[in-house]
Each structure stands twice: as C-alpha cells, then as structure tokens.
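Q: Hey, can you piece these two chains together into the complex? The hints should help.
Residue numbers (this note's numbering), protein chains in the order written: chain X, 80 to 691; chain D, 4 to 239.
No wet-lab data here; the hints were simulated from the structure.
Computed footprint of chain X on chain D, listed as stretches where at least three residues anywhere in the stretch have a Cβ under 8 Å from a Cβ of chain X: (1) 61 to 70; (2) 151 to 160.
Result set (DSBU-like, lysine-lysine): computed pairs, CA atoms no more than 35 Å apart in a straight line: (3) K690/X / K33/D; (4) K19/D / K690/X; (5) K207/D / K542/X; (6) K343/X / K145/D; (7) K116/D / K201/D.
Cβ atoms here follow ideal geometry from the backbone N, Cα and C, with glycine treated the same way.
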Amino acid sequence: MSDEYDNNKSYQAQSSEVLDGSAGSINPDMDYVRPAEIPEQDLYHAHSFIEKWIFCQDAKVIGVQYFLTAVFTGIVGLILSWLMRLQLGFPELAGFMTAEHYYQFVTMHGMIMVVYFLTALFLGGFGNYLIPLMVGARDMVFPYVNMLSFWMFFVAVAVLMASFFVPGGPTGAGWTLYPPQTILEGTPGSGTGILLMLISLSLFVIGFTMGGLNYMITILQARTRGMTLMRMPLTVWGIFTATVLAMLAFPALLVSAIMMTLDKVLQTSFFMPTILKAGEVLEYGGGSPILFQHLFWFFGHPEVYIVALPAFGIVSDLISVHARKNIFGYRMMVWAIVGIGGLSFFVWAHHMYVSGMNPWFGFFFATTTLIIAVPTAMKVYNWILTLWRGNIRINTVMLWCLGFIVTFVNGGITGIFLGNVSVDVPLSDTYFVVAHFHMVMGIAPLMVIMGAVYHWFPLVAGKMLSETLGKWHFWITFLGAYSIYFPMHYLGFIGVPRRYFEMYDSPYMTSTVGMNEFISVAAFIVGAAQFILVFNIIKTLKTGKKAEQNPWKANSLEWYTSTVPPEHGNFGERLPVVHRWPYDFSVPGAKDDFIPQTTAPSEVANTEVEKT
Amino acid sequence: MSEQKIDGFELKPGFKGMASDTGSDQTMFKGVHWGKAMMWIFLLSDTFVFSCFLISYMKGRGSTIVDWPNTSEVFSLYVGGVPVPLLLIAIMTFVLITSSGTMALAVKYGYEKNRKMCGWLILATAVGGLTFVGMQVFEWSKLIHEGVRPWGNPFGAAQFGSFFFMITGFHGFHVSIGVIFLFIYTYKVFAGHYESKKRGWFTKMKGDYVEIEILGLYWHFVDLVWVFIFAFFYLW
Numbered sequence: 080m081s082d083e084y085d086n087n088k089s090y091q092a093q094s095s096e097v098l099d100g101s102a103g104s105i106n107p108d109m110d111y112v113r114p115a116e117i118p119e120q121d122l123y124h125a126h127s128f129i130e131k132w133i134f135c136q137d138a139k140v141i142g143v144q145y146f147l148t149a150v151f152t153g154i155v156g157l158i159l160s161w162l163m164r165l166q167l168g169f170p171e172l173a174g175f176m177t178a179e180h181y182y183q184f185v186t187m188h189g190m191i192m193v194v195y196f197l198t199a200l201f202l203g204g205f206g207n208y209l210i211p212l213m214v215g216a217r218d219m220v221f222p223y224v225n226m227l228s229f230w231m232f233f234v235a236v237a238v239l240m241a242s243f244f245v246p247g248g249p250t251g252a253g254w255t256l257y258p259p260q261t262i263l264e265g266t267p268g269s270g271t272g273i274l275l276m277l278i279s280l281s282l283f284v285i286g287f288t289m290g291g292l293n294y295m296i297t298i299l300q301a302r303t304r305g306m307t308l309m310r311m312p313l314t315v316w317g318i319f320t321a322t323v324l325a326m327l328a329f330p331a332l333l334v335s336a337i338m339m340t341l342d343k344v345l346q347t348s349f350f351m352p353t354i355l356k357a358g359e360v361l362e363y364g365g366g367s368p369i370l371f372q373h374l375f376w377f378f379g380h381p382e383v384y385i386v387a388l389p390a391f392g393i394v395s396d397l398i399s400v401h402a403r404k405n406i407f408g409y410r411m412m413v414w415a416i417v418g419i420g421g422l423s424f425f426v427w428a429h430h431m432y433v434s435g436m437n438p439w440f441g442f443f444f445a446t447t448t449l450i451i452a453v454p455t456a457m458k459v460y461n462w463i464l465t466l467w468r469g470n471i472r473i474n475t476v477m478l479w480c481l482g483f484i485v486t487f488v489n490g491g492i493t494g495i496f497l498g499n500v501s502v503d504v505p506l507s508d509t510y511f512v513v514a515h516f517h518m519v520m521g522i523a524p525l526m527v528i529m530g531a532v533y534h535w536f537p538l539v540a541g542k543m544l545s546e547t548l549g550k551w552h553f554w555i556t557f558l559g560a561y562s563i564y565f566p567m568h569y570l571g572f573i574g575v576p577r578r579y580f581e582m583y584d585s586p587y588m589t590s591t592v593g594m595n596e597f598i599s600v601a602a603f604i605v606g607a608a609q610f611i612l613v614f615n616i617i618k619t620l621k622t623g624k625k626a627e628q629n630p631w632k633a634n635s636l637e638w639y640t641s642t643v644p645p646e647h648g649n650f651g652e653r654l655p656v657v658h659r660w661p662y663d664f665s666v667p668g669a670k671d672d673f674i675p676q677t678t679a680p681s682e683v684a685n686t687e688v689e690k691t
Numbered sequence: 004m005s006e007q008k009i010d011g012f013e014l015k016p017g018f019k020g021m022a023s024d025t026g027s028d029q030t031m032f033k034g035v036h037w038g039k040a041m042m043w044i045f046l047l048s049d050t051f052v053f054s055c056f057l058i059s060y061m062k063g064r065g066s067t068i069v070d071w072p073n074t075s076e077v078f079s080l081y082v083g084g085v086p087v088p089l090l091l092i093a094i095m096t097f098v099l100i101t102s103s104g105t106m107a108l109a110v111k112y113g114y115e116k117n118r119k120m121c122g123w124l125i126l127a128t129a130v131g132g133l134t135f136v137g138m139q140v141f142e143w144s145k146l147i148h149e150g151v152r153p154w155g156n157p158f159g160a161a162q163f164g165s166f167f168f169m170i171t172g173f174h175g176f177h178v179s180i181g182v183i184f185l186f187i188y189t190y191k192v193f194a195g196h197y198e199s200k201k202r203g204w205f206t207k208m209k210g211d212y213v214e215i216e217i218l219g220l221y222w223h224f225v226d227l228v229w230v231f232i233f234a235f236f237y238l239w
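Extracted from the complex, chain D is given alone in its bound form (with noise of 0.2 Å):
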C-alpha cells in the first residue's frame, strides 16, 4: 500500500512513519480497513487463546508420570505392510499450505475484479479445507479405532489423547468455520454482490473485495497455527 495517498498526510517509512501515523488524527493505520484492522487484532487474541493451549499441552506432556507414546509410531500409516510414519500428517500439511497458496491468488484476482477466478481459487481453497478437515476425521476415526480416547489410550500417558483431541479438535473448529465462510464467499463472489453493491443478508452492509483477504488473513492464520501444532505434536 505504498502508493496510497491520504490527503493531506505524508506517509513516511519506518519508525519515523509509525510515529507520525500514531500522533496523527482519525486512523492509526493509514489506508487499512476497519475489517482487516479488526482481525489482526482478533488474530492476535486467537494467537493468546493456541498460545494457551500449546504451553498447557508443554507442561502437561512435561509433568506425566507415565512415559508419552511414541508419536512416530502412533501417527504412522501402514502402505504394503511397511510402516511409513507422518504420511498421512504430511498429506494434510502438503494440502492446508497448497490452499493458503490458492487463497493468495483468489486475494489477488479480487483485488483485480477478475471475478471468475478469484470465486474458482476461493473455491479451491474451500475443498482444500474440506479435505484437510475430512482427512483429520480419518485420522481421528483411526487413532479412535486403535483405542486412543480422551481419558486413555493404550500407548502411555492418557494425556495424549486427552490435548490431541482438544487442539487438533479445536484447530479443525477454526478450519471449518474458515470452510463454511469460504462457501459463502465463493457465492458472493460468482453471484455478484461485490460489483452490484448488494447488502449483507444479517449485518445489512456492503461488501468489498476487501473482505476476501480479510477471510484470507483468518485462513493464513489457522494454516501457521497448524505448522505449530504440526510441530508440537508429530515432531517432538
């Protein structure tokens, strides 16, 4: 947004900049809209909320008592009777980061008014979700099958299942929601509502472009989260 002109306010890099934007009247952040402001700060608030669990997952995988199963042995998938651990978790990361990718370009064509594609990659970015959210139901329906609950699992510390439930559950919560309204979007984007101005069915406003890279900072943000959980619990 560098090119951007506010009327009668120069906009300068830097700490300087970030200074002069702040003592200014009307906007802190220059040019950026309320809905792009509203969710840095509630992804912010969100990063406070996977920061919680993540520690408390810390403390409680660090303070059992009984040993923690072997991850690489839980977590991997048998192809031809070999077991090849992470498979499945690669599959899923591999197609979460794709649909960030598609997200990115479905931004740029809205930015652009090319409406068809900017609602296709939505679109792809929609079943990219479906599918992350469908193969973590596998993997959940497996681990199930094997006998991990929340209260227990064979392997070690009931622990285990008791965190990777909650916060995968919880991530997959995010995804699908991000999934739900990436539905929506892509009707509103193929059906027109953003070149004909059309208000909003509940809040009664009217939409933007903007507001695809708003549900893309959201989708963004649930694609790093995952790369810590991936981390976290498939790694360690």
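So that you can see chain X by itself, here it is in the shape it has in the complex (with noise of 0.2 Å):
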C-alpha cells in the first residue's frame, strides 16, 4: 500500500454542479449557492426570567432542560442498580431489602435507564441541541410545541417518580410489563404502581411525539442554503432516523399502555386469560398476553435503535473530528444507518423466542435480525478504517469513542448468538442476556454520551472540562465496566437466572458468591466514578479555563455561532451558507487541516477536496 494520495480519486474544486439541484442549469460561478427558499423564522424573544430559563422557547435551553432532567432520572436509575448489587454480592448488608423491593427496582431501573434516560438524553437532549445549529435553522420550527415537549415529559418523569411513594410502592413486573401477573394481585405495585407507570409512559409517548415532529421538519425543511441531506452531519442523520423510529414505534407502546390500563381499571380482558387463583376463576377471560408481548417488542425493538443510532452518529463525528479525518465511507454510513432503522421493524419477535411461537416464525425472525449484523458491521469497520492513518488525538473524547467501538462490538457478537433461536433457548433469561444488553445498548451508547458531554461542552458552556479528570472518569469506566459485564457472560453460561433476588439453595448459591461480590465492588466504582464527571463540570464552570471558539477545530455549523455560546437565533444577521460537507480534514493543499463547512469552493480552489 503507497503513502501517496491518488490524485485521481481527488477533484478539483471548480464548478458546482451539485450545487444548483438541477441538472442542465449549471451556474459558472463557483461559489453560486441557490437563493433562500424560505423565509427567515419568525422568533418569539423571551422577556422574562420564567420565558427564558422555564417555559423557554429555545430549542437550545430545552435541550438543556431535557439534559438536566434525563441525567437526573439517570442518577435515580444508577442509584437503583446499586441497591441491586448490594442484595446480589452482599446479602447479608442488605437486609432492609426484601424480595419485592428487588423486583421493583429491576423493573425501574430498566424503565428508567431505556426511556426515560437514554431516549430523552439523546433526542431530547442532543437532539434539541444540536438540529438546529447543525442543519443552520435559528431554532425549531416549532419552538411552542418544542417547549410543551419538554414540559410533557416532565410531568412524565413526575408521574415515575411519584410511583415510589405510593402504598404498595412502584411496579415490580419486569420493564417489559408483561401481563397477566403485571396487573394481578402478589406483584409489587399491582395497585397504583403500574397505574402511575403506565399513564408516564402515555405522557411521554405524546411529549416525544411533540417533540419528535419539530425535529423531523426541521430537518427536512428548515436546512439552510447549500445543506443538503448528504451534507448534514452523521449525527443529524442518527437523531433523523431514530426519530422516524420513535414516531412510527412509540404507537404500539401507547396502544399497549392503554389496553393495559382499561385491563387494570376497568376489568376488560385483552391481555387477560381465564385465571384461576387459589381455586377461584377471576373476572378476566378469554385475552392474549401474547399480544401484549407482539405490542410491546414492536415498540421494544426499534426503541434498541432509536438509543443505538444517535449514538452511532454522534461517535462518527467525534471519531472524524479527533482522528483529523473525513468519517470513511459518508454515503455508506448514511445508508446503514437508514437500514438499520428499516430492518429494525421486522426483528421483534426475537424477543419472544421462548414464548411458544410457532419455529417457523422464530426462523424468519432468526433471519432478519442476523441480517442487522451486515450494516452494523459496515459501520464498525468505517469508524476503524477513519481511525486508519488518522492523525489521531487521544484526548478524553478520543478515549470514549475507542471505549464505545470496543464494547459495541463485544455486545455485537453476544447479539449474534442470542439472535439465533436455538441458541438463544439455552442462554434466555439468564445473565447472558443482561451482560449482552448492557454492553450493547448500556454502556456502548453511554460511552457515547461521554464522549459527547466532553466534545461539546466548551460550547454548550463556553469553559474546557479538565482533560485529567476526563480521563480518570474514562479509565475507571471503561475497565470497570468490562470488570461488570464480563463476567456475566460466564454466569449466564453456567445458567444462572436473571431478575432473581437470591439464588436460595441452588448449586449458583456457591459457585457465583466470589463472582458476583466481585461484579457488585466494580459496580460501586464505576457508579461512583460517574459523579467525577458532575464534579468536573461544577469545577470548570466556577474556575474552568475559558474555551475558544472552535476549540476541536471542528467544521460542522454548530462551532461557527456569532457567539459562544450562541444566542437565541443561532447565527446572528445572517444564517451561514454551506459549501460542503463537514468532514473536510486534512485535506492535501490546504492552509489548516480543516475546512468549515462555511468556505466557498473559491478559498481553497487549489486544494483536492471532495466533491460532496
């Protein structure tokens, strides 16, 4: 393989046929990019205190908002997953906790860490924050419905977290909710638990709704001049495709809460078979569970993806920008990621392996989600080969992108063999699974989330987080997670159930009490550990050094604000005109090693840049 960079494949940045959108109109000027087609955006300022930092209309505050409000529920969550391995590695310090406490907080923390944390996080939050600026619009084109959003799950997280302190406590039936037992008498919370749990599931259905239409027009219609789809950011194309998910997801869990509610409040009997308890026939009869299940993993699936694709996005940018060169294969990456979000639509039924399915229907669905694999692995092989001869930076963000690569593909391959149905029977509902999910779409997305509060916090902030510190929080999580989740691959192998409170006088009793004191010390750390990150960001934005704008010397449009950092309106007088796409590092000829998206063919008429 030569070091030299073949010319051929390089063009000279001359005409701009791409530019003009129609093919036979070819303007000679260079740097001609179409009039605007839309008028500029009619912006409601705040005058007050509570419109500005409460009721706000800026999609950049509300993503804030969503930020702060998803990372709390987190903590709650995280809090959660250590009172559980308190009572899995250290019984006997946990005698305050009885076996209905253990079940509720499997179930919240499962709940709370899938949709309340990581699908707030990364559409409420990112999603808010970064649209905007990325695609060039001044703000949502709904900044109204935008705020009611935010509101909406809010009320949601309220709603959750009110569960805790009702008589009987929240619901203990599994995140998954599966009826019959979710609703009947002997679960935890069976009373006004899984009410409350369902009706915030409702109200977050109808704020993401909200909020997912201003992103989806935003994106399509509120581009600014020269953005083109193939131009926008990987990340914009991640948060795009997991919304289209959301959107055409979130019904099913909606339909599903509410059958389950009318089941729980007014007797009805969709989910409800004829049940027998202690020799009585109970009111319901003649409902599916099975439907529920088909209901719930519609949603279930695809939301994997929705958490899965921003963070895709998102590493694909941090990735280019610290590694100094263009994300390999834009255009592929574009399309696995909308593939991805295609398929994810007809592989529920994995899920449901062992429900009783009839085997053909397990081997189409065998099939689908075997399929998953191809894009997914495109994509790992276009972060590696963007890290290739890179002119890397092993910065913190740098180190949490390496540390997602890392464990998505660990959590990858453990999907592999858990999308096999006969595979799959052995290894369901053991540790397998929880060490498969929790790499895959726990910790890989979380490494993510990292690594974006690192890169773009000197903007959302104005003020550099401490690199040292970063990299401790790093170092510590990423080792301490695979200290976690390694392990529990071989606990699900030698058959260890999932969700049990105590493994009573089974032979695990013995074999797994090292293990799993072991798995509970690494959890305690790396929970611990996540709070160096709350203070460096305390630390740095009372004595933190004052960022400069642009300090990654990224080219995407969000670094390129009139201010820093940016003003309601975004851009200023004028919204920027985009000339290419934001990939252009180190390109051969050039003056830096970046060019923003913002430079007209015209400055760098010298320089082999490509033609996006």
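A: Structural data, given as structure tokens:
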C-alpha cells in the first residue's frame, strides 16, 4: 500500500454542479448557492426570567432542560442498580431489602434507563441542542410545541417518580410489564404503581411526539442554503432516523399502555386469559397475553435503535474530528443508519423465542435479526478505517469513542449468539442476556454520551472540561464496566437466571458467590466514578479555562455561531451558507487541516477537496 | 401546487422530481408549509396508533372462546317496531363525510380570502362534528342501557364491549379535539386574525389561511379512520 494520496480519486473544486439542484443549468460561478426559498423564521424572544429559563422556546435551553432532567432520572436508575448489586453481592448487608423491593428496583432501573434516560438524553437533549445548530436553522420549526414537549416529559418523569411514594410502591413486574402478572395481586406495585407507570409512559409518548415532529420537520424543511441531506453531519442523520423510528414505534407502546390501563381499571380482558387463583376463577377471561408481547416488542426493538442510532451518528462525528480525517464511507454510513432503522421493524419477535411461537416464525425473525449485523458491521469497519492513518488525538473524547467501538463490538457479537433461536433458548433469561444488552445498548451508548459531553461542553458552557479528570473518569468507567459485564457472560453460561432476588439453595449459590461480590464491588466503583463528571462540570463552571471558539477545529456549523455559547437565533444577522460536507479534514493543499462547511470553493481552489 | 416557482430550482414531475427535490438543499418538500408537513407526519404516526388498535381488535376477536355478538342485531335501531340494522351508523357516517366536504370547501374559500364563506363553512364542519359526537353519545348510552359494558355484555364475548368502547372512544376523542379546534378557527376567521396577522394566544406566532388546510388534513384523516372502524366493527 502506497502512502501517496491517489490524485485520480480527488476532485479539483472548480464547478458547483451539485449545488444548483437541477441538472442542465450549471451556474458558472463556482461559489453559487441557490437563494433562500424559506422566509426568515419568526422568532419569539423571551421577555422575562420565566420565559427565558423555564417555559423557554429556545431549542438550546430546552435541550439542556431535557439533559438535566434525564440525568436526574439516570442517577435514580444508577442508585437502583447499586441496591440491586448490594443484594446480589452482599445480601447480608442488604437486610432492609425484601424480594418485592428487588423486583421493583429491577423494573424501575430498566424502564428509567431505556426510556427516561437514554431516549430522552439522545433525542431530547442532544437532538434539541444540536439539530438547529447543525443544519443551520435559527431554532426548531415549532418552538412552542417544543417547549410543551419538554414539560410533558417533565410531568411524565414526575409521575414515574411519584410511583415510589404510593402505597405498594412502584411496579415490580419487570420493565417489559408482561401481563397477566403485571396487574394481578401478588406482584409488587400491582395497584397504584403500575397505573402510574402506564400513565407516565403515555405522557412520555405524547411529549415525545411533539418533540419528534419538530426534529423531523427542522431537518427536512428548515436547512440552511447549501445544506443538502448528504452534507448533514452523521449526528443529524442518526437523530433523524431514530426520530422516524420513534414516531412509528411509540404508537404500539401507547396502545398497549392504554389497553393495559383498561385491563387494570375497568377489568377488561384484552391481555388477560382465564385465570385460576387459589381455586377461584378471576373475573378475567378470553384475552391474549401474547398480543401484549407483540405490541410491546414492536415498540421495544426499534427502541433499541432509537438509542443506538444517535450514538452511531455522534460517534462518527467525534471520531472524524479527533482523528482529523474524513469519515470513511459517508454515504455508506448514511445508508447503514437508514437500513438498520428499516430492518429494526422486522425483528421484534426475537425477544419472544420462548413464548411458544411457531418455529418457522422464529426462523424468519432469526434471519432478519442476523441481516442487521451486515449494516452494523459496515459501520464498525468504517469507524476503524476512519481511524486508520488518521492524525489521532488521544484526548478524553477520543478515548470514549475507542471505548465505544470495543464495547459495541463485544455486545454485538453476543447479539449474534442470542439472535439464533437454538442458541437463545438455553441462554434465555440468564445473565448472558443481561451482559449482552448492557454492553450493546447500555455501556456503548453511554460511552458516546460521555464523549459527546466532553466534546460539546465548550459550546454549551464556553469552558473546557478538565482533561485529567476526564481521563480518570474514562479509565475507571471502561475497566470497571468490563469488570462488571465480562463475568456476567460466564454467569449466564453456567445458567444463573436473571431477575432472581437470591439463589436460595441452588448450586449457583456457592459457585457464584465470589464472582457476584467482585461484580458488585466493580459496580459500586463505576457508579461512583460517574460523579467525577458531575464534579468536573461544577469545577469547570466555577474556575474552568475559558474555551476559544471552535476549540476542536471542527467543521460543522454549530461551532460557527455568532457568539459562544450561541444566543437565541443561533447565527446572528445572516444564516450561514454551506458549500461542503463537514468532514474536510487534512485536505492536501489546504492552509489548515480543516475546512469549515461555510468555506466557499474559490477560497480553497487549489486543494484536493472531495466532491460532496 | 404545480405552478409554484422556487427560485433557482426546477420542479420536475415524477420519480425524477422526487429524487431531485430530495437531493437539493433547504427543503425536501418544495414549497410545503412547515405546519402542513408536520401534520402529514403526525398523521402517519397516528395511523400507526389506529392500526395497532385495529390489529389488536382483529386478534382479540379472532381468539375469543365465546362467540362474538351478532353485530347487525346489536347495532340496529327499532323504527316503528321493525329493527333496521346500521341505521344510526349510516346517519353518523353520512354526517361525518358531509362535514369533510364542507371542510374542503372552507379550505378553498380560505385560500381565496373569502373570509365570510370560509368562516361559515368551518362552523358547519364543527356542527357536523358535534352532531357526530352527539350521536355517538346516544349510541353508547343505548348500548350501556342494553347492558353492554367494557368488561362484559349479554350478547357474547366480553371483548366486544372492550374493543368497541375503547376504539370508538379513541376515535370520538379525536373528533372532539377536532371540533374544539374548528370552533377556535371559526372565531379566528370571523375576527379576521389571518388578515391582521394577529399573534396567537399561546404560540405568539402569526397565523395564515394555511392553518385551515392543516386542520382540514386532520379532519379528513379522522373521517378516513372512521371508514375503517365502520368496516371493521359494523360490517364484519
């Protein structure tokens, strides 16, 4: 392989035939960009403290509000996981905890982390903050609806948290809420707890729909001049596709929540079969519990990608910026995101292999599941090829990205095991499953969130986070997460079932004691390490070094605002005009190693920029 | 919108046009108002909600152990002692479809800036929607009077009442929301808010007659959903 840059593959920036949108009318001026076709957005500026910081219509403030609320629920989820690990590793210290408490903690930890933490953080937090900035819009297209979206989410979180304090406590049915046991007496929280959970989920769906419409229309209909879909940062592509998935998947959750609420409150039997309890036939009869599983997983599987796709997009941008190289195979990356999104609607029943389904049905879903590995693997290769011979800066952001790739590949490979029916059946409901999904959709997206926080904090707050603390945070989290989840694969292989309060007198009791203690200690340390970030943020806000504009020398539009942090309206007097994709790093012949998206072709006429 | 001119952009028909619009900058749906695009996407999402309801209904009806009630008997009205099946539903459907027609006319007169006609037609649509909801209330109370409950009924499978009240209730909720907005828009049109560019009460945004069309999209969608509910509940 030669070190020479292949000149035939590069493109001399001379004409702008991709810009005019209609073939046959090539404008001879190379810097020509079509005039604006949408009028200036009518923005309502805040007049009071309440309008500016509480009921705010600025997408950036809403993004931060979403972020803080989601982080708060995430910390609650973290504390619940500590309590679970305390019981599993050191039951003698957890005397205050009954089996009912444990089930409730498992349930709430799962639901909080998947829906109220990761989904809200990626789409509500990063989506709100980054979409208008990255596509060059002044704000989201419907700022008022956007504000309602956050407050609906806030109420959903409040209702969820309220369920901790009602008689009977929160629901303990497992985050999948499978009927019939979810709403039957004997399950913890089968009274008010489950009702509040279902109401909270419905509110979340309504609130998310308001936000999702904003994200989609802003990306489709409010891009700045020159910003074609294929010039958008992959972050925007990831969030966009995840939003499309959410708009089509959340309806199934809403419907199942409504039906289960009616089963609970009005004694309907949508999901309830005939049930004998202590020799007595209950009021219920004739419903189908499997119907709930289908509805739930028609939401539940796309939900995995609602969390994963924004992470894919964000990590692509971070890797490209911090390796000073264009993202390898941009178009392939876009199509992989879209392809994964499309396929994710045809795999849901792989969560139901043990529900007694027809083997041919399982065969179909195993096939579609394994097909998803193709675009996913393409993305992993592209990340590695982006790094290959890049000018890699090993800073905190890059460390998180590398950590993401490793954990994601790890979790992806165990996914291949579980996607096959014959392998899944013995592994089903063991700690192998726990290890798999925590690696692939817990730790991996979390690594991206952390990298994104270190990357975009200078933009949001105008100050640089401490690198030293960041590296401590990373190494403890990375090594600690492996200490937690690697042994869990082994626990799964020897057959330890998940969601069990204790192992009683089973042979697991003795053989896994040491390992469970080890995992628990690691979990305590990793959880505590997250507060390094909280400390880092507080310290930086107080005494941190002021960030220059565009500290990472990135190309995308969010770094080219009129002020840092950006003000309401983002770009000052004039919106930016885009001439290229955001990945022109280390272009041969260019003055700097980065060419901002706003740089006109004539300014870089003698360089070998790629045609985008 | 075929005559619409986009500066520096040639709008082409067919698949080629779609590809060129998609590949262009700024907007994907050329000349389409933000609110209109939003409503279309919301309706797509809402379609999934109703699809989930109706698919659950099919699954539930298909797997009950008790026979499903004979719908042409349950839903019939007695006129002079003779049972007429589907009489009420026929009237309800007629009213709702008619209100779709008045809605479409309101959109037309709105774009023609014919404020009076537009306002009266929106009001007519609202009254049509209200009549529909009223007849639904009548139908519900009649069924409840005959002993149909969400958790059981004297005619057959308990799921009949469950699905019926849930799905028609959810649809009726949609109609009611639409009626509320229709009344608000009636006021806005008659008060001339779209001419004076008065800012909205909550959103602080200036309005335009395109809002009538956006509400129209919603109204037609609610009608379309009713056609499916009609087919699945009353004809099956």
